[in-house]
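A.B. asks: One letter stands for each residue in the lines below.
There are 2 protein chains.
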Amino acid sequence: MTTRAKQFISADQLLEHWQGHRNLTRRVIEVFPDKELFEFSVQGMRPFSTMVVELISIAGPALKGIVEQQITEFSEEVFQPKTKEEILARWDAETEVINHYFNQISEEKFQETFNLFGQYEFPVYQNILYFIDNEIHHRAQAYTYLRSLGIVPPFFWERF
Amino acid sequence: MTTRAKQFISADQLLEHWQGHRNLTRRVIEVFPDKELFEFSVQGMRPFSTMVVELISIAGPALKGIVEQQITEFSEEVFQPKTKEEILARWDAETEVINHYFNQISEEKFQETFNLFGQYEFPVYQNILYFIDNEIHHRAQAYTYLRSLGIVPPFFWERF
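These protein sequences, in sequence, are chains V and X. In terms of my numbering, the first sequence opens at residue 1 and continues consecutively. In terms of my numbering, the second sequence opens at residue 1 and continues consecutively.
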């Protein structure tokens with residue numbers, strides 16, 4: 001029996017927290033008018049659809065790489081959606097991919113360093129927190145886009 | 001010895017993660033022109049200074065309430081800064097307040113329900129994740145404000 005550092009949260013709780021955020025992001029995608037999802041942005045920034053493609057290109061592929069110990073280059077080129085429906089369908093498919101791979105990561109593995117996409121060499125738990133933070137960050141930019149468009153975004157605290 | 005759920009992160013790691021985010025938020029406050037910090041906003045939204053006062057009114061007071069088992073109403077009225085320097089000084093003071101109280105929360109306590117500000121009855125770990133998420137959320141809105149103003153915000157990944 002080794003002594004273990006004071007726990008903040010369990011893996012199950014983190015996954016539930018993350019999927020709650022993903023539910024909210026899904027609502028934000030849904031509330032965008034189709035045209036603005038692909039075209040609207042603020043000076044020098046990307047449309048929200050492009051940010052969502054980034055999010056989709058990170059979470060599932062990164063977890064797969066961590067579990068399979070495969071260092072693959074980051075790529076957004078694989079998925080080029082033309083409609084909101086395509087994005088939402090892919091979002092939902094990724095929900096299962098995330099659950100599948102996340103649950104295979106052991107407690108010890110969360111603490112090990114992984115060279116994500118051959119570029120980001122950090123402990124696995126930091127990489128995963130980064131995925132979630134990055135999602136919150138881009139989604140909040142989308143909140144501002146929606147406000148600029150005169151559309152009321154979903155409540156930030158509505159997750160399930 | 002009780003069996004414990006698979007750990008995602010320790011309390012120390014979460015605190016470091018949070019303070020890293022707070023460092024980045026401090027940089028975002030710094031990069032705002034004084035006038036725009038207090039006056040600029042996008043349709044129906046608040047200036048970033050007001051959001052920062054909200055963040056300052058949550059973290060420290062909430063942790064104090066959790067540790068001292070005191071349910072106090074939420075209040076933003078106590079702190080009404082007039083300058084960026086006042087905000088930054090208070091931000092730095094809160095860094096110590098957060099460290100002080102966070103470190104007194106036990107592993108068991110993180111899992112207990114607390115009625116935050118007499119309004120938000122959730123496990124303590126969920127309340128704390130909410131503080132961090134809420135900070136990322138409002139800071140990202142400030143990123144969009146900065147871009148609208150033609151100002152390049154700090155790198156999202158620069159934390160220490």
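A portion of the hints provided could be inaccurate.
The list treats identical chains as one, so a pair stands whether inside a single copy or across any two.
[Stated by the list, open to error] List of simulated lysine to aspartate or glutamate pairs, EDC-like, C-alpha gap at most 20 Å:
1. K109 - D92
2. K82 - E39
3. K35 - E73
4. K6 - E107
5. K64 - E16
6. K6 - E112
7. K6 - E108
8. K82 - E30
9. K84 - E108
10. K109 - E77
11. K109 - D12
12. K35 - D12
13. K6 - E39
14. K82 - E54
15. K84 - E36
16. K82 - E108
17. K35 - E112
18. K109 - E30
19. K109 - E36
20. K6 - E85
21. K6 - E86
22. K6 - E73
23. K109 - E86
24. K82 - E121
25. K109 - E68
If you're looking for bench data, these hints aren't it; they were derived computationally from the structure. Quick caveat: nothing in here was measured; it's all calculated off a predicted structure.
A.B. asks: Next, verify each hint and record whether it holds.
C.D. replies: Hint-by-hint comparison with the structure:
In this assembly of identical chains, the alpha carbons of K109 and D92 never lie at most 20 Å apart, being 26 Å within a copy and 34 Å across copies at closest. When the C-alpha separation of K82 and E39 is checked against a cutoff of 20 Å, the pair qualifies only within one copy, where the shortest distance is 11 Å, while the shortest distance between copies is 38 Å. Taking the shortest Cα distances, K35 and E73 never come within 20 Å of each other, neither inside one copy (31 Å) nor across copies (43 Å). Both within a single protomer and between protomers do K6 and E107 lie at most 20 Å apart by alpha-carbon distance, with minima of 13 Å and 6 Å respectively.
Taking the shortest Cα distances, K64 and E16 sit within 20 Å of each other inside one copy (18 Å), while across copies they are farther apart (27 Å). With identical chains, the CA atoms of K6 and E112 are at most 20 Å apart both within one copy (18 Å) and between copies (15 Å). In this assembly of identical chains, the alpha carbons of K6 and E108 lie at most 20 Å apart whether taken from the same copy (15 Å) or from different copies (9 Å). With identical chains, the CA atoms of K82 and E30 are at most 20 Å apart within one copy only, with a shortest distance of 15 Å there and 39 Å across copies.
Taking the shortest Cα distances, K84 and E108 never come within 20 Å of each other, neither inside one copy (39 Å) nor across copies (43 Å). Taking the closest pair of Cα atoms, K109 and E77 never come within 20 Å of each other, the shortest separation being 29 Å inside a single copy and 45 Å across copies. In this assembly of identical chains, K109 and D12 lie within 20 Å of each other by CA distance both inside one copy and across copies; the values are 15 Å within and 18 Å between. Proximity of K35 to D12 under the C-alpha cut-off of 20 Å is found in neither arrangement, the shortest distances being 37 Å within a copy and 45 Å between copies.
Taking the shortest Cα distances, K6 and E39 never come within 20 Å of each other, neither inside one copy (46 Å) nor across copies (43 Å). In this assembly of identical chains, the alpha carbons of K82 and E54 lie at most 20 Å apart only when taken from the same copy (15 Å versus 39 Å across copies). Taking the shortest Cα distances, K84 and E36 sit within 20 Å of each other inside one copy (10 Å), while across copies they are farther apart (35 Å). When the C-alpha separation of K82 and E108 is checked against a cutoff of 20 Å, the pair qualifies neither within a copy, at 41 Å, nor between copies, at 48 Å.
Taking the closest pair of Cα atoms, K35 and E112 never come within 20 Å of each other, the shortest separation being 43 Å inside a single copy and 45 Å across copies. Proximity of K109 and E30 under a CA criterion of 20 Å is satisfied in neither setting, with 35 Å inside one chain copy and 37 Å between copies. With identical chains, the CA atoms of K109 and E36 are never at most 20 Å apart, being 41 Å at best within one copy and 45 Å at best between copies. Proximity of K6 to E85 under the C-alpha cut-off of 20 Å is found in neither arrangement, the shortest distances being 43 Å within a copy and 36 Å between copies.
Taking identical chains as interchangeable, the C-alpha atoms of K6 and E86 are never at most 20 Å apart, the minima being 43 Å within one chain and 35 Å between chains. Taking the closest pair of Cα atoms, K6 and E73 never come within 20 Å of each other, the shortest separation being 35 Å inside a single copy and 29 Å across copies. Neither within a single protomer nor between protomers do K109 and E86 lie at most 20 Å apart by alpha-carbon distance, with minima of 33 Å and 43 Å respectively. For the homomeric pair K82 and E121, neither the shortest alpha-carbon distance inside one copy (33 Å) nor that between copies (42 Å) is at most 20 Å.
Taking the shortest Cα distances, K109 and E68 sit within 20 Å of each other inside one copy (12 Å), while across copies they are farther apart (35 Å).
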